[in-house]
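Number of protein chains: 2
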Amino acid sequence: MGKSVTFYDLQVSTGATISPFVWATKFAVRHKGLELDIVEGGFTGIMDRTGGKTERLPAIVDEGKWVLDSWGIVEYLDETYPDAPPLIPHESVATMLKALDAWFWGAAVGPWMHCYCADYRDVCFERDKDYVTRSRALMLGGPLEDIQAGREDRLPAISAALEPLRLALRSSDFLGGNAPNYADYRIIGSFLWLASLAQTPALAADDPLRPWYKRVCALYGGLGEHPGLFPIFGLEQREGDPDLFVREAGKGGIFKRNTGPASTSAETKMIGEPT
Amino acid sequence: MGKSVTFYDLQVSTGATISPFVWATKFAVRHKGLELDIVEGGFTGIMDRTGGKTERLPAIVDEGKWVLDSWGIVEYLDETYPDAPPLIPHESVATMLKALDAWFWGAAVGPWMHCYCADYRDVCFERDKDYVTRSRALMLGGPLEDIQAGREDRLPAISAALEPLRLALRSSDFLGGNAPNYADYRIIGSFLWLASLAQTPALAADDPLRPWYKRVCALYGGLGEHPGLFPIFGLEQREGDPDLFVREAGKGGIFKRNTGPASTSAETKMIGEPT
Numbered sequence: 058m059g060k061s062v063t064f065y066d067l068q069v070s071t072g073a074t075i076s077p078f079v080w081a082t083k084f085a086v087r088h089k090g091l092e093l094d095i096v097e098g099g100f101t102g103i104m105d106r107t108g109g110k111t112e113r114l115p116a117i118v119d120e121g122k123w124v125l126d127s128w129g130i131v132e133y134l135d136e137t138y139p140d141a142p143p144l145i146p147h148e149s150v151a152t153m154l155k156a157l158d159a160w161f162w163g164a165a166v167g168p169w170m171h172c173y174c175a176d177y178r179d180v181c182f183e184r185d186k187d188y189v190t191r192s193r194a195l196m197l198g199g200p201l202e203d204i205q206a207g208r209e210d211r212l213p214a215i216s217a218a219l220e221p222l223r224l225a226l227r228s229s230d231f232l233g234g235n236a237p238n239y240a241d242y243r244i245i246g247s248f249l250w251l252a253s254l255a256q257t258p259a260l261a262a263d264d265p266l267r268p269w270y271k272r273v274c275a276l277y278g279g280l281g282e283h284p285g286l287f288p289i290f291g292l293e294q295r296e297g298d299p300d301l302f303v304r305e306a307g308k309g310g311i312f313k314r315n316t317g318p319a320s321t322s323a324e325t326k327m328i329g330e331p332t
Numbered sequence: 058m059g060k061s062v063t064f065y066d067l068q069v070s071t072g073a074t075i076s077p078f079v080w081a082t083k084f085a086v087r088h089k090g091l092e093l094d095i096v097e098g099g100f101t102g103i104m105d106r107t108g109g110k111t112e113r114l115p116a117i118v119d120e121g122k123w124v125l126d127s128w129g130i131v132e133y134l135d136e137t138y139p140d141a142p143p144l145i146p147h148e149s150v151a152t153m154l155k156a157l158d159a160w161f162w163g164a165a166v167g168p169w170m171h172c173y174c175a176d177y178r179d180v181c182f183e184r185d186k187d188y189v190t191r192s193r194a195l196m197l198g199g200p201l202e203d204i205q206a207g208r209e210d211r212l213p214a215i216s217a218a219l220e221p222l223r224l225a226l227r228s229s230d231f232l233g234g235n236a237p238n239y240a241d242y243r244i245i246g247s248f249l250w251l252a253s254l255a256q257t258p259a260l261a262a263d264d265p266l267r268p269w270y271k272r273v274c275a276l277y278g279g280l281g282e283h284p285g286l287f288p289i290f291g292l293e294q295r296e297g298d299p300d301l302f303v304r305e306a307g308k309g310g311i312f313k314r315n316t317g318p319a320s321t322s323a324e325t326k327m328i329g330e331p332t
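Protein chains in written order, with our numbering: chain A, 58 to 332; chain B, 58 to 332.
Pulled out of the complex, with its shape left as it was, chain A reads as follows (with noise of 0.2 Å):
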């Protein structure tokens, strides 16, 4: 066993992590070669947990010194651990991944709550589901139950917007390229959220993302394989319902890559010869 730091946890009654930041910083600690000495706990009793140093989680305690925020931690751990390999290989990485996180949450995090926020309180801890039910009802604008009905009809069009994410992915394993950073563990959070409480599939049992996904949910001898976490690959395709992600994906369009007119004479057929 490495070094460890106290790690503040935001869980759920399975025992499995809910929070997305929470999740990134679990795989950033890792990533470091630290080890992770977890202080468990859910919604409620933060304030008393960390003895009124915070309200929100992540937050870890490194040889006494008190690391608050994903982000603020992320940039503890590359100063404080420089001969470990960086989290932000380049400041041009957290510039670019706090556009694709934006774009991620607006895409999906935020649509997916919609059409789980019901499941996200039965999966919590009894004692949490008070101040969850009433503190979700309030951000989302109703009762949970009424916000989550309908699901089915609005799961495949949030599975259609990922085209970005797989179209990067078709041509690397990781977003950090060859191997895994912070850009990975960010985004891979918000999906192990979603698999902390979902009781129905939010995504096609083939799609493309999903070896990404097991990729680095087994980072780290398996630190997003927690058995509490629920199967979000599976959605079925329904007829009438958008493609739940591009299937002809690469045969063309702005992304392939022209190597001469041989592998543009399909597209020019298709809109007519320019001379």
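Hints may contain errors.
The list makes no distinction among identical chains, and a pair is therefore deemed to hold if it is satisfied within one copy or across any two copies.
Said to hold, decoys possible - DSBU-like mimics (lysine-lysine), calculated; alpha carbons at most 30 Å apart, straight line:
| hint | residue 1 | residue 2 |
| --- | --- | --- |
| 1 | 326 | 89 |
| 2 | 122 | 110 |
| 3 | 89 | 110 |
| 4 | 313 | 122 |
| 5 | 271 | 89 |
| 6 | 60 | 186 |
Worth flagging that the hints you see were computed from the coordinates, not collected in a lab.
Start from chain A and add chain B according to the hints.
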């Protein structure tokens, strides 16, 4: 004057470049300290101009070597000129840029094309108009005037959808961080595509993206300030339309840093106490 590469341009009647890929590649060549030896021209006659080498642009010739495709040229430039600042400083930047570019294409370029397709045709060289009218009507599924009609009701939502880019650039001068890289050039290319043809602005005059746009356009002696370009900032906020951008950005939510209970108390007050 430093070393030049032969650069096949794709222009409209103002002399400005239209293609987002050609724009991105112009910046990429200049980033490497190389000069552009421009071969002018529009949509028709590309095969003639390039001696049958390609139907699509960009294309460059460097010391007699033909290099095609916007990504192909970027990879060539970084391999061939390793002493100049990298266009792609880490493989993670390429992977994430593919996701970001695909998002931007779906959120902005595609919808804008539906708002500006008649402008697009009108600004072309006379000799290109038949081809452009025919090919774009096939791509878009109808006469260009019909597709473009009603754009004033669609532009506000497109502007609103660009929030992930605004968020990333709120804490960074460039997508590249403190200095620009190919991520900036790739995305500015699509904005300059719009500027090459837009007869009415697409974004608010006070859009937070504007300082970044001006910063990138000013690079390399004002490479993005061609006199033939049209203003893209100046869309008026109409009552009942979505906000053109988020004015209270940074005040809270998941993108606010947690620095302890004082930083989260306002949100806690809104959603209720977790204890």
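Tested hints:
| no. | hint | in the structure |
| --- | --- | --- |
| 1 | 326 x 89 | neither (52 Å within a copy, 36 Å between copies) |
| 2 | 122 x 110 | within (11 Å within a copy, 62 Å between copies) |
| 3 | 89 x 110 | within (24 Å within a copy, 49 Å between copies) |
| 4 | 313 x 122 | between (50 Å within a copy, 21 Å between copies) |
| 5 | 271 x 89 | within (20 Å within a copy, 39 Å between copies) |
| 6 | 60 x 186 | neither (35 Å within a copy, 68 Å between copies) |
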